[in-house]
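Chemist: Sequence:
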Amino acid sequence: MPAVTPPPSLESLLESALRKFPSDERGSTLPLPKPARLSEQATQVAKLFSGAAVETPPPSQARRNALVRLRRDEPLTRKEWSLVCWGLSDKGDDAAPPLKDDALFSRTLDYLNQNAKPFTLPRKTWFGLLNSYFSYAHPAPETTPNWVLLRAFLSQSLPELLLAQKRPREWIQLLEEHAELLTENAGKELGKTIFDGDHQTAETLRSTLLIPESSWLWKKVIRQQLELLSSASDAVFIGHIESMIQLATLHVDFTDEILVVLLTRYAASAHRRQAHSQLLNFSLKHWRSPQTRTAHRWKQVGDEVRKMVLGWFARADLELFFRLLQGNGSVDQSRLDYWLRFVDQMIYTRIVMGSEAFNKRDPDFVEFIRHNKERCSHLSSGPSSNNVFIMQIGGYYFVEFSEPGNDCYLYSADKLPFDPEMPELSIVDLKRRLFALDWISHEDNWQTRTDAKLAALGIFPTEKKCLCAHAKEV
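Using full-length UniProt numbering, the first residue of the sequence shown is number 1, and each one after it goes up by one.
To be clear, the hints were calculated from the coordinates, so they are not data collected in a lab. All residues carry an ideal CB built from backbone N, CA and C; glycine is no exception. You may find that some hints are simply not true.
Said to hold, decoys possible - Per label pair, the in silico range of CB-to-CB distance:
#1 Q246 - A116: 38 to 44 angstroms
#2 K415 - K360: 31 to 37 angstroms
#3 N185 - D303: 33 to 39 angstroms
#4 E304 - P363: 28 to 34 angstroms
#5 L434 - E304: 36 to 42 angstroms
#6 S277 - N115: 54 to 60 angstroms
#7 Q165 - Q246: 34 to 40 angstroms
#8 P363 - H199: 31 to 37 angstroms
#9 G92 - N185: 28 to 34 angstroms
#10 T201 - F460: 50 to 56 angstroms
#11 H138 - S230: 21 to 27 angstroms
#12 P168 - G92: 33 to 39 angstroms
#13 A62 - D234: 51 to 57 angstroms
To be verified - Pairs of lysine-lysine residues, derived as DSS-like cross-links and limited to a Cα-Cα distance of at most 27 angstroms, are as follows:
#14 K79 - K117
#15 K431 - K453
#16 K219 - K285
#17 K79 - K91
#18 K285 - K299
#19 K307 - K285
#20 K100 - K117
#21 K219 - K299
#22 K124 - K91
#23 K373 - K431
#24 K307 - K415
Work out the full structure, taking the sequences as your base and the hints as a guide.
Modeler: Okay, structure coming up:
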């Protein structure tokens with residue numbers, strides 16, 4: 001009789017099982033890693049039963065195949081009709097989206113109406129219609145009659161969809177809360193919500209309803225915010241500039257439109273003479289300087305707006321030139337005060353820097369150059385500490401030098417002996433007495449004499465600032 005092998009003891013079975021798990025050098029069992037895939041699936045199941053799951057779009061190729069069959073007027077299965085509903089905004093290789101094809105959409109609408117009373121349309125099919133509604137690529141979708149019909153169907157059938165669900169999905173409840181999205185006023189309420197500081201609602205709608213970034217809805221939302229911004233008080237408007245610039249950064253297609261509204265509204269505010277650094281720098285980044293000949297985007301705003309920005313440049317340039325670029329390191333207050341009286345009339349300014357200025361490490365100066373480098377030139381001759389300030393008032397150019405002992409040269413704009421846009425200019429270029437209408441010597445009551453010279457040219461100070469007789473002379 002063969003020997004019977006006794007069954008392994010419980011202790012040996014446990015030891016055998018534990019040997020399969022990783023252990024450290026002392027023999028202690030190490031903790032197992034978290035089952036990531038299992039956790040992810042558990043989360044999806046939890047979302048499914050809680051109604052929070054997001055509908056998944058079908059593959060684009062499957063949608064295209066169903067649309068091909070629809071175009072051939074072939075009979076479609078229930079699944080293929082669902083694919084068609086998801087693809088109403090899809091463009092074919094050589095075909096417009098079905099929303100622009102009356103025959104295709106008419107057949108689709110017939111199918112939808114047949115399943116509307118009683119409501120037998122699958123939830124995912126209805127969501128496909130919603131996705132096509134939001135995804136339609138057109139700046140003014142309401143000009144497409146079939147899109148308007150789709151909106152009407154969605155609006156009218158939403159209550160039926162809600163009643164047909166034993167456990168409504170989160171997206172259905174969310175859409176019910178924001179039913180204005182299915183009306184001609186879509187975007188107005190959401191635009192106001194964002195304007196009031198609530199960005200989470202928009203993010204929830206975007207992620208839950210799968211609204212693409214290119215959707216017409218965001219265009220309407222942005223325009224609603226711009227409308228509110230235009231009519232807001234100065235305090236509210238100023239408080240929204242930063243967030244609107246962030247919005248323009250996210251929606252680059254709207255950068256121009258947002259900038260037009262921001263600059264125009266700022267020009268109408270009580271702060272127009274005070275430069276808003278963030279708005280100015282953002283404008284320079286996207287539109288370049290209005291003084292640059294190729295900066296055509298500034299034509300989108302009115303003359304008053306351009307004058308405002310040019311005034312900002314002139315004031316900043318004057319401050320930089322007479323405070324930071326003086327050869328002896330002191331502030332030339334008399335000349336600064338004098339020219340500040342004409343700052344609102346300056347339609348062009350440019351700084352021409354010597355070698356010493358180019359190597360400056362003053363934080364204010366470095367920051368200025370970073371944003372205005374295309375408005376600066378290099379002075380290629382003369383003392384390295386010398387700098388030049390060029391300004392245009394009306395039809396005349398004035399050329400000031402930072403080094404003491406230099407006259408200010410006055411030229412007619414139509415007989416200017418140099419191109420101020422050149423990246424490099426020399427002292428010889430800028431001091432052409434044969435071409436100059438006049439020159440200003442900064443000696444003995446020079447301000448009064450200069451006022452008389454400018455008055456003869458029809459130029460008068462905007463600011464009636466007192467120029468003290470004992471102000472520093474150069």
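Chemist: Compare the structure with each hint and give your call.
Modeler: Evaluation of the provided hints:
no.	hint	in the structure
1	Q246 - A116: 38 to 44 angstroms	holds, 42 angstroms
2	K415 - K360: 31 to 37 angstroms	holds, 34 angstroms
3	N185 - D303: 33 to 39 angstroms	holds, 35 angstroms
4	E304 - P363: 28 to 34 angstroms	holds, 33 angstroms
5	L434 - E304: 36 to 42 angstroms	holds, 38 angstroms
6	S277 - N115: 54 to 60 angstroms	holds, 58 angstroms
7	Q165 - Q246: 34 to 40 angstroms	holds, 38 angstroms
8	P363 - H199: 31 to 37 angstroms	holds, 33 angstroms
9	G92 - N185: 28 to 34 angstroms	holds, 32 angstroms
10	T201 - F460: 50 to 56 angstroms	holds, 54 angstroms
11	H138 - S230: 21 to 27 angstroms	holds, 25 angstroms
12	P168 - G92: 33 to 39 angstroms	holds, 34 angstroms
13	A62 - D234: 51 to 57 angstroms	holds, 54 angstroms
14	K79 - K117	holds, 19 angstroms
15	K431 - K453	holds, 19 angstroms
16	K219 - K285	holds, 22 angstroms
17	K79 - K91	holds, 20 angstroms
18	K285 - K299	holds, 16 angstroms
19	K307 - K285	holds, 18 angstroms
20	K100 - K117	holds, 26 angstroms
21	K219 - K299	holds, 23 angstroms
22	K124 - K91	holds, 21 angstroms
23	K373 - K431	holds, 24 angstroms
24	K307 - K415	holds, 24 angstroms
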